[in-house]
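Quick mapping for you: the protein sequence lines, in order, are chains A and B.
Residues 1 to 226 (our numbering) are what the first sequence spells out, left to right.
Residues 227 to 448 (our numbering) are what the second sequence spells out, left to right.
For the record, the hints were derived by calculation from the structure and aren't laboratory data.
Since we're looking at a predicted model, the values are computed, not measured.
Every residue gets a Cβ at the ideal spot worked out from N, C-alpha and C, and that includes glycine.
Some hints could be false.
[To be verified] For each label pair, taking beta carbons as the anchor points, the in silico distance ranges come out as:
hint, chain 1, residue 1, chain 2, residue 2, range
1, B, R241, A, A182, 55 to 65 angstroms
2, A, T20, B, H423, 53 to 63 angstroms
3, A, D140, B, E291, 21 to 31 angstroms
4, A, A81, B, G288, 34 to 44 angstroms
5, B, L368, A, V25, 21 to 31 angstroms
6, A, R98, B, A250, 24 to 34 angstroms
7, A, Y18, B, H364, 44 to 54 angstroms
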Amino acid sequence: MTDVPGPAAACRDVVKTYRTATESVPALTDVTVDIPRARVTCVVGPSGSGKSSLLRLLACVDSPDAGTVHVGGHRVDDLGARGRRRLRRRHVSYLFQRPGHNLLPYLTATEQVRLAADLRGAHAGDDEVAALLERLGLGDRGGHRPAQLSGGEQQRLAVACGVVGGPALVVADEPTAELDTAAAVRVLEAMEALAADGVAFVVSSHDPRVMAVADGFVRLEQGRLA
Amino acid sequence: MTGFAAHGVVKRFTRGAETVTALAGVDLAVTGGEFVALVGPSGSGKSTLLAVLCGWETPDEGTLEPAAAVDRGWSDLALVPQALGLVADLSLLDNVLLPARLRGRRSTTTDAPGDPVPLAHRLMADFGLEHLADRYPHQASLGEQQRVAVARALVLRPALLLADEPTAHQDRDHADALLDALRDATLDGSAVLLATHDEVAWSRADRVVSMRDGRLTVGAPS
Chain A
1 MTDVPGPAAA CRDVVKTYRT ATESVPALTD VTVDIPRARV TCVVGPSGSG
51 KSSLLRLLAC VDSPDAGTVH VGGHRVDDLG ARGRRRLRRR HVSYLFQRPG
101 HNLLPYLTAT EQVRLAADLR GAHAGDDEVA ALLERLGLGD RGGHRPAQLS
151 GGEQQRLAVA CGVVGGPALV VADEPTAELD TAAAVRVLEA MEALAADGVA
201 FVVSSHDPRV MAVADGFVRL EQGRLA
Chain B
227 MTGFAAHGVV KRFTRGAETV TALAGVDLAV TGGEFVALVG PSGSGKSTLL
277 AVLCGWETPD EGTLEPAAAV DRGWSDLALV PQALGLVADL SLLDNVLLPA
327 RLRGRRSTTT DAPGDPVPLA HRLMADFGLE HLADRYPHQA SLGEQQRVAV
377 ARALVLRPAL LLADEPTAHQ DRDHADALLD ALRDATLDGS AVLLATHDEV
427 AWSRADRVVS MRDGRLTVGA PS
């Protein structure tokens, strides 16, 4: 993991407002949260409460209108798009809800993990990749491409790509929403085990299965901490 | 003779209680240096055939030569999928060079045809992308992204190139540039199979084969 003291990520007094031609929509108001390392933190709240906005800030996709955001010890809120992209590549991984969106269709599982490490500026050797795939129950799937994997296997492969190279933070947006219970449980078991090894997950979800493995919660209502 | 052959390939999918036969006994051989256009209406099985040939799908019956091994590198088999599959965090130039990057990371590197960087730049210039080299996929149009995906497929001069509608988002000039580059690859020995609705592409191909209801016939549809 990124070797810095303190939480994996932190927001202080964050404000985010989306503006259209005719109106301003406050998405987050005075939100202060710490995302601890080695934990699964679940962001919960009704639709429109600001969960996705908070995840976008933590994933360095977006910047706040006010307040500060730190990820892996680095200040993010004052960076431009290029700086955020550079920092995101090194320190953050993002898991989309739809398993296939996390993977490249033409790469084998082994190649996906190697590329993810490479993009993070790390090197993942054959043994490390094999061990990680084995740990995620994909030990016999290294040569398979996404179309040859089930949805659950694809999402576990996405988790492998998400954690390889030791990012400071893994951001996951409803990662089990498209999985059946058996597949979801295996993904969550993997996340739980990896968190115990030091990975920081922050997950938005309405799924009680996700909430059951969470170590902590961030509750949002109308863009404010509830 | 490099290239590939499919013999009696059958592929069925189950949709609920219904079984759909997407490929109903397909025979097709494409030799190195040959440019073949695969045509047919939407849903006729073209994309399924490409998926079987590249190993994404396993045929229920039939054989492939070479076998659709799961771990072929980009210099053996290059793809232009309809979904393109660009890496969001890489610049367009780095996306073109992705196969070289992966080859460098492969544990068993076989053939290594020289430095791919000059060819990557040349392909980007030929495709009108040279001024976009440092941009990222989200900063490019769909047509530009598609041209990047074709350049990516060509950069290692693959033995076999499978492309699914690679000119679908292009104007005529850019489509012609892509077809020229694919033709150039065949001159270097690549076997190229192009699934396409583009009738200009049909006229540029050495052969046209038509897919309808999972069956293949020689020539363009009447």
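Hints and how they fare:
About 22 angstroms separates the C-beta atoms of R241(B) and A182(A), a value inconsistent with the hinted range of 55 to 65 angstroms. Here the CB-CB span from T20(A) to H423(B) is close to 38 angstroms, at odds with the stated 53 to 63 angstroms. Hint check: D140(A) to E291(B), Cβ distance near 25 angstroms, so the stated range 21 to 31 angstroms holds. Distance hint check: the CB atoms of A81(A) and G288(B) are about 49 angstroms apart, inconsistent with the given range 34 to 44 angstroms.
A hinted range of 21 to 31 angstroms for the beta carbons of L368(B) and V25(A) is consistent with their spacing of about 28 angstroms. Here the CB-CB span from R98(A) to A250(B) is close to 31 angstroms, well matched to the stated 24 to 34 angstroms. Between Y18(A) and H364(B) the beta carbons are some 18 angstroms apart, a value that contradicts the proposed interval 44 to 54 angstroms.
Checked against the numbered hints given earlier, the structure breaks hints 1, 2, 4, 7 and satisfies all the rest.
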